[in-house]
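> Just so you know, the protein sequences line up as chains G and L, in that order.
Number 349 in the working numbering belongs to position 349 of the first sequence; there are no gaps in the numbering.
Number 366 in the working numbering belongs to position 366 of the second sequence; there are no gaps in the numbering.
Derived from the structure by calculation, the hints contain no laboratory data.
C-beta atoms are modelled at their ideal positions from N, C-alpha and C, and glycine is treated no differently.
Check before you lean on any hint, since a few could be wrong.
Unchecked claim - No more than 27 Å apart at the CA atoms, straight line, and that leaves these computed lysine-lysine pairs for DSS-like:
| hint | chain 1 | residue 1 | chain 2 | residue 2 |
| --- | --- | --- | --- | --- |
| 1 | G | Lys324 | L | Lys142 |
| 2 | G | Lys264 | L | Lys261 |
| 3 | G | Lys324 | L | Lys261 |
| 4 | G | Lys264 | L | Lys265 |
| 5 | L | Lys265 | G | Lys324 |
| 6 | G | Lys264 | L | Lys262 |
| 7 | L | Lys237 | G | Lys264 |
| 8 | G | Lys264 | L | Lys231 |
| 9 | G | Lys261 | L | Lys179 |
To be verified - Residues on chain G that point at chain L, a partial pick, calculated with CB under 7 Å:
| hint | residue |
| --- | --- |
| 10 | Ser58 |
| 11 | Gly61 |
| 12 | Leu367 |
What the hints assert, rightly or not - Rough simulated footprint, nothing fancy, chain L against chain G, three-plus residues with beta-carbon under 8 Å:
| hint | region |
| --- | --- |
| 13 | 16-29 |
| 14 | 139-150 |
| 15 | 154-163 |
| 16 | 345-356 |
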Amino acid sequence: MDIQFTEEQELLRSSVQRLLRDRYDFDARRKIVASEDGFSRKHWAEFAELGLLAAPFSEAGGGLGGGPLSTMIIMQEFGRHLVVEPFVETVVVAGGLLDQAGSDAQQQAYIADIIAGSKLWALAWTERGSRFDLATVTTTARRDGNDYVLTGEKTAVLAAPWADHLIVSARTSGHRHDRGGVSLFVVDRRAANLDLQSFRTIDGRRAAEISLRGVRGELLGREGEGVAALEACRNRAIGALCAEAVGAIGELNDATLDYSKTRKQFGVTIGSFQVLQHRMVDMFIAHQEALSLMQHLSLSLSDDEAGISRLASGAKSKIGYAGKFVADQAVQLHGGMGMTDELNVGHYFKRISSINIQFGDPAYHVLRYAQLDAVA
Amino acid sequence: MELALSPEDAAFRDEVRAFIKDNYPAEMRVPNPETDLSKEQMLLWHRILHNKGWIAPLWPREYGGPGWSITRRFIFEQETTRAGTMPPLAFSVTMVGPVIYTFGNDAQKAKFLPRILSGEDWWCQGYSEPGSGSDLATVRTKAVRDGDHYIVNGHKTWTTLAQHADWIFCLVRTDPAAKPQSGISFLLIDMKSPGVTVRPIITIDGSHEVNDVFLENVRVPAENLIGEENKGWTYAKFLLGNERTSMAGIGRSTRYIARLKKIVKAEIPEDDPAHLEFIRDIARVELDVLALEATELRVVAQMARGIDPGPAASLFKIRGTEIFQDITELTHRAIGNDGLAIREHPVSANHFMPGPDYGHTASEKYLNSRKLSIYGGSNEIQRNIIAKAVLGL
Numbered sequence: 001m002d003i004q005f006t007e008e009q010e011l012l013r014s015s016v017q018r019l020l021r022d023r024y025d026f027d028a029r030r031k032i033v034a035s036e037d038g039f040s041r042k043h044w045a046e047f048a049e050l051g052l053l054a055a056p057f058s059e060a061g062g063g064l065g066g067g068p069l070s071t072m073i074i075m076q077e078f079g080r081h082l083v084v085e086p087f088v089e090t091v092v093v094a095g096g097l098l099d100q101a102g103s104d105a106q107q108q109a110y111i112a113d114i115i116a117g118s119k120l121w122a123l124a125w126t127e128r129g130s131r132f133d134l135a136t137v138t139t140t141a142r143r144d145g146n147d148y149v150l151t152g153e154k155t156a157v158l159a160a161p162w163a164d165h166l167i168v169s170a171r172t173s174g175h176r177h178d179r180g181g182v183s184l185f186v187v188d189r190r191a192a193n194l195d196l197q198s199f200r201t202i203d204g205r206r207a208a209e210i211s212l213r214g215v216r217g218e219l220l221g222r223e224g225e226g227v228a229a230l231e232a233c234r235n236r237a238i239g240a241l242c243a244e245a246v247g248a249i250g251e252l253n254d255a256t257l258d259y260s261k262t263r264k265q266f267g268v269t270i271g272s273f274q275v276l277q278h279r280m281v282d283m284f285i286a287h288q289e290a291l292s293l294m295q296h297l298s299l300s301l302s303d304d305e306a307g308i309s310r311l312a313s314g315a316k317s318k319i320g321y322a323g324k325f326v327a328d329q330a331v332q333l334h335g336g337m338g339m340t341d342e343l344n345v346g347h348y349f350k351r352i353s354s355i356n357i358q359f360g361d362p363a364y365h366v367l368r369y370a371q372l373d374a375v376a
Numbered sequence: 001m002e003l004a005l006s007p008e009d010a011a012f013r014d015e016v017r018a019f020i021k022d023n024y025p026a027e028m029r030v031p032n033p034e035t036d037l038s039k040e041q042m043l044l045w046h047r048i049l050h051n052k053g054w055i056a057p058l059w060p061r062e063y064g065g066p067g068w069s070i071t072r073r074f075i076f077e078q079e080t081t082r083a084g085t086m087p088p089l090a091f092s093v094t095m096v097g098p099v100i101y102t103f104g105n106d107a108q109k110a111k112f113l114p115r116i117l118s119g120e121d122w123w124c125q126g127y128s129e130p131g132s133g134s135d136l137a138t139v140r141t142k143a144v145r146d147g148d149h150y151i152v153n154g155h156k157t158w159t160t161l162a163q164h165a166d167w168i169f170c171l172v173r174t175d176p177a178a179k180p181q182s183g184i185s186f187l188l189i190d191m192k193s194p195g196v197t198v199r200p201i202i203t204i205d206g207s208h209e210v211n212d213v214f215l216e217n218v219r220v221p222a223e224n225l226i227g228e229e230n231k232g233w234t235y236a237k238f239l240l241g242n243e244r245t246s247m248a249g250i251g252r253s254t255r256y257i258a259r260l261k262k263i264v265k266a267e268i269p270e271d272d273p274a275h276l277e278f279i280r281d282i283a284r285v286e287l288d289v290l291a292l293e294a295t296e297l298r299v300v301a302q303m304a305r306g307i308d309p310g311p312a313a314s315l316f317k318i319r320g321t322e323i324f325q326d327i328t329e330l331t332h333r334a335i336g337n338d339g340l341a342i343r344e345h346p347v348s349a350n351h352f353m354p355g356p357d358y359g360h361t362a363s364e365k366y367l368n369s370r371k372l373s374i375y376g377g378s379n380e381i382q383r384n385i386i387a388k389a390v391l392g393l
């Protein structure tokens with residue numbers, strides 16, 4: 001199993017690579033992160049222009065029909081450049097949910113704007129105490145005419161300060177942990193009675209806690225089927241995040257190898273020390289395995305295979321641990337330089353740390369991998 | 001686990017414990033003392049200990065030390081770290097002070113030691129350079145004799161808290177022709193001297209602890225040379241030996257584990273399978289601490305009998321730092337999604353942080369503690385030391 005890219009996929013990859021090389025080097029990224037918004041609408045518009053925001057969507061829906069493989073290609077390059085713009089949140093997560101669960105009217109109303117780059121989205125699913133469980137939801141939604149009214153608190157909503165729309169999970173029936181009874185809603189981020197408390201994330205992005213006190217929301221998908229929709233959504237998000245992690249791991253390994261060949265101590269390059277050689281061999285192996293699992297997962301997502309949830313959890317865990325190992329060692333082998341804000345190595349470390357929290361940490365997913373096996 | 005104490009030493013322990021309880025400044029109990037305190041705040045406890053005569057446990061009585069036995073020094077360290085007090089500036093009290101009273105002349109002792117004890121002078125360490133990290137003996141900062149002065153040129157880096165420092169103790173090259181270790185001198189430089197520039201280095205946690213220090217044609221009075229010219233390496237090695245067991249960080253790790261347990265209890269319900277995982281991971285790291293603490297107590301007991309652990313003490317640095325890294329990582333994991341957030345630096349009171357207070361410094365601690373396996377001789381270097389000097393490989 002090795003993905004042979006089609007001409008179209010090669011073209012996508014080389015055009016993303018070119019764009020990021022020209023427009024998204026580490027200094028450019030630093031300026032974007034330090035800007036007031038913390039992301040760049042200009043770059044987002046360029047992503048739209050290049051067709052990146054259309055890539056995974058079906059052709060019928062106005063997209064390019066590239067599916068999860070195009071997401072993988074884009075995210076791997078985004079991982080190499082530490083892109084902060086909310087591609088996962090807007091295109092993969094919200095776009096995917098709209099595509100999967102949205103009514104025709106909703107798809108028409110929202111997907112074209114995503115593809116055009118004019119609207120940004122975020123997903124509000126975690127709550128205080130929910131940890132990584134999609135079904136633990138206490139936010140409530142009460143029917144009111146054609147709409148619903150939402151009340152509750154959501155935590156750690158990545159990209160929310162940038163978003164125009166939110167997809168919010170809320171309980172329409174059942175108790176706190178019930179799988180059934182959770183539904184999804186589209187909410188205007190600037191709606192009345194919605195409060196945002198923004199904060200910076202370890203990887204230089206923005207997130208918020210959201211308080212909903214009677215906010216109007218429009219049902220997305222069928223009432224009570226929110227958890228199943230979120231599970232499928234999480235699998236796609238994991239595919240994207242794993243590709244991003246693999247991109248970051250690859251960059252860290254390249255940087256560490258380069259450094260070990262040039263940095264001299266005790267009269268020789270530090271790469272000549274066997275203990276460091278073996279460390280870098282282990283980093284290489286970690287990258288190879290992560291890359292393979294990433295491809296395996298993306299292909300399975302494309303074919304919508306049975307058992308995809310188990311594979312997604314397995315990949316999230318294995319690639320998460322691989323990323324952590326490589327990031328730890330990349331900092332260690334760069335010595336003090338690896339600790340600095342000035343060098344990019346620490347920023348990859350922080351992005352990988354953040355990926356390892358999003359949609360569940362490696363420990364959560366290894367358990368889920370085991371549990372899904374027990375079920376089967 | 002406790003050292004077997006004589007009744008006198010047990011009474012001493014109680015006295016230290018009570019003193020800390022009654023005197024440790026509330027002002028210093030901030031979320032992250034290492035980054036959140038001003039210089040003046042950091043010195044509050046220093047001055048209290050100075051007034052009590054406890055500021056320099058290591059120092060002989062004639063220079064202002066308390067004249068404690070090895071056992072009492074250990075008790076003091078144990079009590080102060082267990083209570084989470086901020087240790088007095090190590091570069092002043094533990095590092096340069098002993099070098100000055102061991103190798104300095106009478107004038108230097110009279111000039112510098114009282115000001116170290118009182119906290120009037122803040123010292124930083126000018127060892128590492130961009131090209132000299134693990135391989136310290138290759139320092140290139142040059143000191144050239146010019147009458148009764150040295151002219152110093154060079155670039156020191158990773159200089160901790162140099163932004164507060166009055167003085168820097170430097171390894172400088174005085175004989176470029178000699179073998180690396182033989183041409184180094186130990187020079188004290190006034191940070192206010194013309195030609196000294198401090199540039200902050202911001203680390204991945206967003207904090208400003210370390211700095212670059214640039215020395216450009218700095219005129220240093222020759223009387224600031226410690227000991228003999230070109231013997232600096234000997235003094236530097238002596239100084240590194242002073243760290244010894246304190247690197248194990250047992251008190252700190254014990255406190256962080258206690259807090260981690262509280263966080264896990266609050267964050268993760270017992271019926272969540274992750275709970276058992278955490279319980280097991282915490283137990284493992286507790287056992288790591290227990291084993292290291294037992295080793296420390298064994299070594300302290302040996303030292304009290306006059307047996308020096310020698311280079312085997314490197315194991316305290318290796319295991320102590322690895323353990324603390326594990327604990328900060330577990331803590332960061334335990335707070336779940338809140339681990340995405342990090343405090344902004346400089347820390348402002350009205351900046352919003354999600355989640356309970358106990359998690360607010362978890363991200364920065366996790367990131368910051370990556371340095372522990374790098375600084376003070378990387379853990380790779382420490383392993384080399386044991387391989388060579390203990391195992392004879």
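> Would you mind marking each hint as holding or not holding in the structure?
Hint check results:
1. G:Lys324 with L:Lys142: violated, 41 Å
2. G:Lys264 with L:Lys261: Roughly 43 Å separates the two Cα atoms, so the pair is violated.
3. G:Lys324 with L:Lys261: holds, 23 Å
4. G:Lys264 with L:Lys265: Roughly 47 Å separates the two Cα atoms, so the pair is violated.
5. L:Lys265 with G:Lys324: Distance of about 25 Å is within 27 Å: holds.
6. G:Lys264 with L:Lys262: violated, 45 Å
7. L:Lys237 with G:Lys264: holds, 22 Å
8. G:Lys264 with L:Lys231: Status holds; Cα separation ~25 Å.
9. G:Lys261 with L:Lys179: holds, 25 Å
10. Ser58: Violated, about 31 Å.
11. Gly61: Because about 31 Å separates glycine 61 of chain G from the closest Cβ in chain L, which is outside the 7 Å limit, the hint is violated.
12. Leu367: Holds - the Cβ of leucine 367 of chain G comes within 7 Å of chain L, reaching about 5 Å at its closest.
13. 16-29: violated (count 0)
14. 139-150: With 0 residues closer than 8 Å to chain L, the region 139-150 of chain G misses the three-residue bar; violated.
15. 154-163: holds (count 3)
16. 345-356: Answer holds; 6 residues pass the 8 Å Cβ test.
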